[in-house]
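Enquirer: Spelled out from the first residue to the last, the chains are:
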Amino acid sequence: MKVNVKVWRQENKDAQGRFETYEVVNLIPEMSFLEMLDTLNEQLLKRGERPVEFDSDCREGICGTCGLVIDGMAHGPKRACTTCELRMRNFNDGSTITVEPFRAQGFPVLRDLVVDRSAFDRIISAGGYVSVNSGSAPDANAIPIPKDIAERAMDSAACIGCGACVAACPNASASLFVGAKITQFSLLPQGQAERHKRAVRMIETMDNEGFGNCSNHAECEAACPKNISIDNIARMRREYMKGSLKAV
Amino acid sequence: MIADKSILDSKIPEGPIQEKWANHKASVKLVNPANKRKYTVIVVGTGLAGGAAAATMGELGYNVLNFCIQDSPRRAHSVAAQGGINAAKNYQNDGDSAWRLFYDTIKGGDYRAREANVYRLAELSTSIIDQSVAAGVPFAREYGGTLANRSFGGAQVSRTFYARGQTGQQLLLGAYSALMRQVDSGRVKLFPRREMLDVVKVEGRARGIVCRNLVTGELEKYAADAVCVATGGYSTVFFLSTMAVNCNATAIWRCYKQGALFGNPCFTQIHPTCLPQAGDDQSKLTLMSESLRNDGRVWVPKKKKDDRRPQDIPEDERDYFLERKYPAFGNLAPRDISSRAAKEVCDAGYGVGPTGFSVYLDFGEAIGRLGENVIRERYGNLFSMYHEITDENPYEQPMRIYPAPHYTMGGLWVDYNLMTTIPGLYALGEANFSDHGANRLGASALMQGLADGYFVIPSTISDFLAEHRPDGLNTTHEAFTEIEQKVADQTKQLLGINGSKTVREYHWELGRIMWERVGMARNDEGLKKAITDIQALRTDYWKNVKVGGEGQELNKNLEFAGRVADFLELGELMARDALTREESCGGHFREEHQTDDGEAKRDDERFCHVAAWEYKGDNETPARHEENLTFDNAKLTQRSYK
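If you read the sequences in order, they're chains A and B. By my numbering, the letter at position 46 of the first sequence is numbered 46, and the numbering carries on one by one without gaps. By my numbering, the letter at position 313 of the second sequence is numbered 1313, and the numbering carries on one by one without gaps.
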C-alpha cells in the first residue's frame, strides 16, 4: 500500500513551522505507523533531504515516548492504543494522513514532531512519590491492601505519561495525568502521610507549568492509550479540596 | 590465548557464602555523613539500576548527576519488563529460601556466574519487595490483602511478584518516584536527552563523562569523583530484538575502549515467547511475557507443513514438544532450552504461520479449566497487545510465537563491588556481566537491576570514595578537552562521509549476520565468517554511510550512526568470544558441543571461567583474560530439566 503524509516540519523551538506532504510507498498493512515513518525517513535520506524527527522507543506501548496527533486525534484513530501500536491496516490505501506534534503551551515543540514534556517530570517531583528511603521499609506483607483497592490503584498507576491527555484537551489540561498519580497514592495506605500536601503541590505545579484547567470534556479519557478513567480527575478535585482545607 | 589472571581481582569476601555480604558491608570504609555532599557521583542511565542508584545515593547525601537518553527518566527500557520479579520471600510456604533462589539462578545460568554475587542477589531480593511496596508499587494481591505470587520459568516454587503484565513499569515508576523526590530535594540533578559518548580518565581513574545534548547537539562535559554506568544491554546489535529502538552499547563500548574489560560478550538471551517477524521493514520484535507459559501450552502439528487451522487439528495430532522433552518442567523450561526447542522443530519443518517460523502458544485448555475471565485478569493486557499487533484474537485461536534476541548477560566486567577494571568506574544492572551466567532466568533482571541500584552500589561505593577524597578537579582539566575533541572528530567524520547507504541499512545487514551466525546456534565456520563479514561491513560503513543533517542540532540519525558504528565493533567481539568458547552453556550453543539428545554440553575442564576481553586498539585483536569460577556451594552438574 501507499499513503500521503502531511507532516508538521519545524527546524527548532523558535522557527516558524509548516506542513509538508510526502508520498510513502511500499508499505504493508502489518506495519506500525512509526515503521511507516521510518520508511518515509529512509526515502528522504536517500534523496538527500532531512528526515522527519519524531520520538519513539519501546515500540510496544509502554514507555510513553511516542505521541503524535494523527488526523486530529492524539495517538490516532484507534482507541486505547499508542502511536507505536497503531498499524497501517487502520488506514486506507492511497489516503492522506495529517501528522502533527502534541500541541500545548506546556509541551513546546523542539523539532518537527518532537516536543518537550519535561513539565511532567517537574509535576512528579512536586510530590508524586512516597517519602521512604532505601533500606527503611517494613516487611512487604506488613501492609495488607485489599485486592480491589490494589487493583484500583493499579488502574491509575498504569499511566505511561505520554501526554496524549494534554494534547487531546481543548484546555491543554494535564488533569488526567496528575489525577491518576494523586489517585494511586490516595488509595494506598503508603500514600496517606503526604496525601494532602501532595495534591495541593502537584496541582499548583501543573498550573504553573502552563497547563489549563479541566472543564469536563473527557477528551483525555478518549485519547488515553491506557484507558485511564476521568474518575481520577473527580478524585483529584476531592483530594485538592481536602488538602486546601487542611493547613498545608 | 594467554590467560592473564593478574588484572582480574574479583574481590570476593572471605567466609561462608551466607556471611560474605554481611561481613563485607561491615568492613567497607565509610564516608562521614557531613562529607558526602562534597562528593559528586555521575550515574548514567535511569532504569531500575541507574534510577535506584541515583535516588539512593541522593538519599545518602551524595551530590548526584543523573543522565539519560530519553526525554524522561521514567521511559528507560526497564519499563518494558512484563512478567515479574523474583524474591525469596517464601510467602507461599512452598519451601523457598535465599539458598534455593541462589541455587536456581546458578543452575539456570549453567554454572557460569559467580557464586558470591548470586547469593548476595538472592539475599537482597526480599528487601527489594519491601522497598517497592513501601514506595507504593501496586503489586498483585490476594483477597486477604497479602501479596500474590506466580511461578516462572526454571523454578519449582512460586516466588515471582507481579503487577499485571506491567511489573517493570511499576517497579521503574517506584524507582523514578524516589529519584524525583531527590530531584525535588536538590541532591540529584537530572540531565535528560543526553547521550554519554565517552568516559574521561585522569591518572587512570574515571573522573567524568562527555555527552551529547540531544536537543542542541552540543557536547557537554561533567566531572565527578566516580562514574556509574547503568545503560542496559545490547541486543539491538541484532537489529531486530525485543529491546527499545534506542537501546545501545555506546556508553559501555566507549568504556571498553578506554580500558574497562568486557565480560562474556557472547552471552545473549534469545527469549522464546516473542511475536514472529512480519516483514523486512519491521523495526522491532515484541515480547509476550514468559508468564504466559504458566497457562499456555506450546505445540506444533505432528505433520510437517500442516496448513489446517489450529483449532481443526485434533489433540492426538499435536506435538506438545516442551512437555514431551522436559516432563518435569514442561512449558516452564528455562528460556534458552525452550528457545532452542522451538528453533529445532521449525528447522525440521514443523513450524506454523506464513513463514513456518513460529509455534503455537495455546490457552484453549486453560480457558476451559479456569474460564476466560481468569485468563483475562492474568494476562489481559498481553492478550490485547497481541490482538492489536496481529489482528488475531488469542482467546479464540492460539498465539503464534518465535524466539527473539532479548537480554544480554554479557557486559562490562565488574568485581564484587561492581567496579570495572577502571578505578572509579562502576557498571550496574544489565550493563555489567555479573549475575546471570550464560542464561538469565525469568523475573531475575528486575531483581538484579534493583539490587545493584538500591542496595549494592550505595554500600560499596563509599569504600572507594573514602580513599579518594574530593580534590577540586573540574572540566577545565586537559583530559576533558582531549576527549571532547575526540568525540567531536568522530561526529565530523560521520557527517563528512556522505555516502550512499543509510545507517539503518548497515544496521539491518549487521543484524542479519548476527542472527544467522552469532544467534541461537553457533559453529566454528559460521563464527569465523561472521568476523570477516562484520569487518568488511565496518570498513564499508566508514566509506559509504550517509548520515545527513548537522552536528549542532537535534539529529536522531546522527545518534544512530554513532551507535551503529559501535555495534559494528561489538558484533565482532561477540563472534570472537563465541568462537573462543569451545563449549555450549546456557544461551551459548555451539553445534560442535552437544549431548546425544541435543542439549548444551559444557566443558568445565577448559571453560569454567569468565572471559574478559581487553581492547588493544582499532583493528587489533583484543586480549582474552580469564576469571576462574569456583563452585564450593552449588554442585557442577549437567543441567537437567527433564
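In case anyone wonders, no lab produced these hints; they're calculated from the structure. A quick note: this is a predicted structure, and the numbers were derived from the prediction, not measured. Think of the CB as a built atom: it goes at the ideal place given N, C-alpha and C, for glycine as much as any other residue. Please note that the accuracy of each hint is not assured.
What the hints assert, rightly or not - Only some residues are given here: those of chain B computed to face chain A with a beta carbon under 10 angstroms:
1) I1069
2) F1139
3) M1243
4) G1549
5) T1637
6) S1640
7) K1642
Enquirer: The structure should be examined with respect to each hint, and the outcome stated for every one.
Expert: Hint check:
1. I1069: Holds, because the Cβ-Cβ distance from B:I1069 to chain A comes to roughly 9 angstroms (cut-off 10 angstroms).
2. F1139: Nearest chain A Cβ about 7 angstroms off; hint holds.
3. M1243: Check passed: Cβ of B:M1243 comes within 8 angstroms of chain A, closer than 10 angstroms.
4. G1549: 6 angstroms, holds
5. T1637: 34 angstroms, violated
6. S1640: 34 angstroms, violated
7. K1642: Given a least distance of 34 angstroms, the restraint on B:K1642 is violated.
The structure fails to meet hints 5, 6 and 7 from the earlier list, while all remaining hints are met.
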